[in-house]
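Listed below are the residues making up each chain.
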Amino acid sequence: MKFKLEPKKLIQIHDLMVKSRVLEERLIRMYKQNDGYFWIGGPGEEAFSVPLGMQVSKGMGLDHDFLHLHYRSSPIMLCMGAEPIDSMRQMKNVATDPYSGGRNFANHYSKRDWNVVPVSSTIETQYLTAIGTAIGQTKEGCKGITIVNGGDSGTAEGDFASALVWASRPALPLPMLMIVTNNGVGISTPHCSQFAGDTIAARGNAFGIKNKVINGNDVEESYFELEAAIKYVREERKPFLLEARVSRLYGHSSASGANFVSGEEDSLLTFEKNLEAAKILTRAQMDKIREDYTATMLEQSKGVKHEPMPSSDTIYDHVYYGQKGRYW
Amino acid sequence: MANMAQAIRMALHYGEQNLGVEHIFGEDVGAPLGGVFTCTQGLTKTWNSPLDERGIVGAAIGLGFANVRCVAEIQFCDYIYNTIDLLKLGGMSTWATNGDWPSPFTIMTPVGAGIRGSIYHSHSFDAMMTHIPGFKIVMPSNPLDAYGLMLACLKDQNPTMYMKPKALLRVDAIEGEQIPGEPELTAEGKKMLKEMIDAPLGDRSKWKAKWPNLQDYTVEIGQGKIVREGEHVTVVTYGRHVLIAREVADQLKNEGISVEVIDMRTLWPYDWKMISASIQKTKRVIFVNEDTEVTNFGEHLMRRTIEEHFYTLHARPRLLAGAFIPGIGLADNLESASVPQASDIAQACREIVAEQP
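Sequences listed follow chains A and B, in order. Per this note's numbering, residue 1 is the first one in the first sequence, and the count goes up by one each step. Per this note's numbering, residue 1 is the first one in the second sequence, and the count goes up by one each step.
There could be a bad hint or two in this list.
[As the list claims (entries may be wrong)] Derived lysine-lysine pairs resembling DSSO-like cross-links, with alpha carbons at most 30 angstroms apart:
1. Lys4(A) / Lys273(A)
2. Lys143(A) / Lys155(B)
3. Lys273(B) / Lys88(B)
4. Lys88(B) / Lys58(A)
5. Lys139(A) / Lys88(B)
6. Lys324(A) / Lys155(B)
7. Lys58(A) / Lys8(A)
8. Lys139(A) / Lys210(B)
9. Lys210(B) / Lys58(A)
10. Lys8(A) / Lys212(A)
11. Lys45(B) / Lys143(A)
12. Lys273(B) / Lys225(B)
13. Lys281(B) / Lys225(B)
14. Lys210(A) / Lys143(A)
15. Lys139(A) / Lys225(B)
16. Lys139(A) / Lys58(A)
17. Lys238(A) / Lys45(B)
18. Lys45(B) / Lys190(B)
19. Lys2(A) / Lys273(A)
20. Lys273(B) / Lys253(B)
21. Lys139(A) / Lys190(B)
22. Lys208(B) / Lys45(B)
23. Lys2(A) / Lys231(A)
24. Lys190(B) / Lys206(B)
25. Lys32(A) / Lys302(A)
26. Lys155(B) / Lys139(A)
27. Lys194(B) / Lys45(B)
28. Lys212(A) / Lys273(A)
29. Lys212(A) / Lys9(A)
30. Lys273(B) / Lys324(A)
31. Lys225(B) / Lys324(A)
32. Lys9(A) / Lys238(A)
33. Lys45(B) / Lys139(A)
34. Lys143(A) / Lys58(A)
35. Lys58(A) / Lys231(A)
36. Lys155(B) / Lys45(B)
37. Lys273(A) / Lys143(A)
38. Lys324(A) / Lys88(B)
39. Lys324(A) / Lys4(A)
I should point out that these hints are in silico values taken from the structure, not numbers from a laboratory. Remember, it's a predicted structure, so these values are computed and weren't measured experimentally.
With the hints as constraints, model all of the structure from the sequences given.
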């Protein structure tokens with residue numbers, strides 16, 4: 001196996017992939033130990049999501065990238081600098097949860113300083129709100145782009161078609177990278193019950209939207225294809241539809257048990273085998289990285305248990321911006 | 001002398017010029033039509049969207065996230081129902097993020113009956129919309145308030161729903177309703193304004209509006225207005241029924257019945273202080289609107305009246321609202337029987353005043 005990326009970058013990617021995987025496994029354990037009511041996440045997508053998160057232009061405002069994420073995006077957030085303990089805080093729904101103050105499920109991120117708009121449980125509505133930030137970024141000289149991700153079966157919603165329509169109008173083409181992570185399953189149903197056709201990316205052809213299908217379990221393919229797609233959207237100010245074939249290692253959510261699913265490719269293991277073969281990291285080094293993250297996050301999760309819950313008298317806070325207390 | 005459509009247009013122009021409005025969009029909102037009710041003619045930031053209500057509302061929410069000020073139109077509120085989940089999403093972004101995100105965007109849509117609009121151009125939306133927390137919701141009843149409430153929406157950091165009572169869009173301002181900067185409220189002023197800002201028929205490709213030197217005028221969100229002072233009964237209403245209730249109040253004076261009419265102007269957050277004070281004064285109240293009567297916003301106001309003023313009331317409170325039927329029938333008789341008429345309000349006033357504790 002010969003890598004194209006520099007060893008330093010590969011080591012960084014590996015570290016973030018392990019960190020992401022350990023976080024998701026910790027969140028699942030928290031859920032199973034009654035330290036949270038519901039788990040949903042995307043373990044198995046790290047080989048795609050880490051290269052994505054590393055290439056985002058992070059910041060606030062139109063000149064940085066807006067992210068309209070769904071609930072399988074923790075690796076992207078960790079790449080951008082999010083702290084794992086904050087995900088645990090959201091899982092435990094404590095007052096210190098920086099994303100929702102204990103109001104929302106785990107992996108429902110929101111960070112205004114980084115243009116990460118609030119993740120919603122509603123399937124595919126992120127493709128609609130993405131239209132808006134992308135319209136804002138059509139402003140002359142704007143450098144930022146809008147990145148939206150979602151799953152394969154969610155594309156059955158009309159909202160996905162809306163995004164294709166709005167992004168590709170000759171009157172106002174939108175700088176929008178539309179990502180579909182295709183794991184072949186919609187919650188519990190195989191894709192043959194969801195849609196026809198070999199690829200979702202091909203739907204872009206009907207709208208004149210450039211598109212591609214990639215192996216999202218391959219770190220380097222993901223990295224370089226994302227780099228090219230982001231460059232295209234950023235420079236051409238036009239949409240791109242990228243379909244990444246990925247694995248789903250722990251099912252849809254705690255609704256399906258959140259247990260390890262055998263028979264799927266584990267992109268982290270594949271990557272580690274290749275790193276070892278290329279003599280970039282040894283098995284022992286990689287084991288140590290995983291052990292360290294596991295120990296650290298275990299301690300953090302113990303600490304989170306003792307953090308305060310949100311006070312019941314705060315329920316009316318922030319119905320309106322800047323407002324606190326009952327408002328009527 | 002502006003009508004309500006012109007007032008909205010002038011407010012949007014003021015918003016483009018002074019309040020950072022960068023996008024005004026929706027179906028037929030841009031040139032050449034400038035809106036099916038002409039509310040967006042002659043503006044510079046308008047454009048035509050795809051015929052896709054979900055896309056329109058989603059785009060507005062996204063522009064709010066980007067802090068790019070926009071006004072999105074749903075051509076008739078009858079077509080907004082397939083966006084309810086998005087309105088909920090837009091209304092909850094600040095709350096769901098524990099206050100992290102402001103959500104400044106405005107959606108405007110014509111509402112209500114009164115133009116013989118048949119089943120799908122006569123719906124109301126206030127009952128549904130007032131069930132969605134997080135929005136500030138306004139409905140003007142005259143051109144000056146239409147201007148002032150729009151400016152208030154354009155200055156707000158929250159999602160705002162601007163409901164246009166379509167039956168009033170062609171109603172001219174009366175004395176006291178002159179928009180700061182517009183021509184005088186005279187026939188001459190009306191003609192002058194029309195020549196300045198109404199697009200001509202036929203080819204409009206070279207036409208440009210000549211805007212009056214408009215001034216800032218804001219109706220604070222959350223403030224109602226007493227449009228008729230009275231002693232015997234309070235009528236609480238909004239939109240086109242303000243004009244109807246006002247006429248009824250004037251008519252009943254001759255019968256010795258003194259009616260106080262409150263124009264709510266804002267549905268959320270509403271001016272309970274004003275409503276409450278009036279009820280305590282007259283001790284009788286009728287809530288009037290044209291949305292369907294079951295789980296109607298007036299029912300909420302009635303509940304609050306009962307909970308807070310039960311022992312003050314001299315008569316049971318009433319709700320006059322639209323019939324609980326799927327739509328508004330087209331024929332004159334059907335429409336008239338479906339939504340409260342002046343005669344209904346007058347009769348309710350007579351009955352409630354006659355009722356003694």
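Hints, verified against the model:
no. : hint                  : in the structure
1   : Lys4(A) / Lys273(A)   : holds, 16 angstroms
2   : Lys143(A) / Lys155(B) : holds, 27 angstroms
3   : Lys273(B) / Lys88(B)  : holds, 27 angstroms
4   : Lys88(B) / Lys58(A)   : holds, 28 angstroms
5   : Lys139(A) / Lys88(B)  : holds, 28 angstroms
6   : Lys324(A) / Lys155(B) : holds, 20 angstroms
7   : Lys58(A) / Lys8(A)    : holds, 21 angstroms
8   : Lys139(A) / Lys210(B) : holds, 26 angstroms
9   : Lys210(B) / Lys58(A)  : violated, 43 angstroms
10  : Lys8(A) / Lys212(A)   : holds, 28 angstroms
11  : Lys45(B) / Lys143(A)  : holds, 21 angstroms
12  : Lys273(B) / Lys225(B) : holds, 11 angstroms
13  : Lys281(B) / Lys225(B) : holds, 16 angstroms
14  : Lys210(A) / Lys143(A) : holds, 20 angstroms
15  : Lys139(A) / Lys225(B) : violated, 41 angstroms
16  : Lys139(A) / Lys58(A)  : holds, 19 angstroms
17  : Lys238(A) / Lys45(B)  : holds, 21 angstroms
18  : Lys45(B) / Lys190(B)  : holds, 25 angstroms
19  : Lys2(A) / Lys273(A)   : holds, 12 angstroms
20  : Lys273(B) / Lys253(B) : holds, 26 angstroms
21  : Lys139(A) / Lys190(B) : violated, 37 angstroms
22  : Lys208(B) / Lys45(B)  : holds, 13 angstroms
23  : Lys2(A) / Lys231(A)   : holds, 25 angstroms
24  : Lys190(B) / Lys206(B) : holds, 23 angstroms
25  : Lys32(A) / Lys302(A)  : holds, 14 angstroms
26  : Lys155(B) / Lys139(A) : holds, 21 angstroms
27  : Lys194(B) / Lys45(B)  : holds, 21 angstroms
28  : Lys212(A) / Lys273(A) : holds, 27 angstroms
29  : Lys212(A) / Lys9(A)   : holds, 24 angstroms
30  : Lys273(B) / Lys324(A) : holds, 19 angstroms
31  : Lys225(B) / Lys324(A) : holds, 26 angstroms
32  : Lys9(A) / Lys238(A)   : holds, 29 angstroms
33  : Lys45(B) / Lys139(A)  : holds, 12 angstroms
34  : Lys143(A) / Lys58(A)  : holds, 12 angstroms
35  : Lys58(A) / Lys231(A)  : holds, 15 angstroms
36  : Lys155(B) / Lys45(B)  : holds, 17 angstroms
37  : Lys273(A) / Lys143(A) : violated, 38 angstroms
38  : Lys324(A) / Lys88(B)  : holds, 20 angstroms
39  : Lys324(A) / Lys4(A)   : violated, 53 angstroms
Of the numbered hints listed earlier, those contradicted by the structure are 9, 15, 21, 37 and 39.
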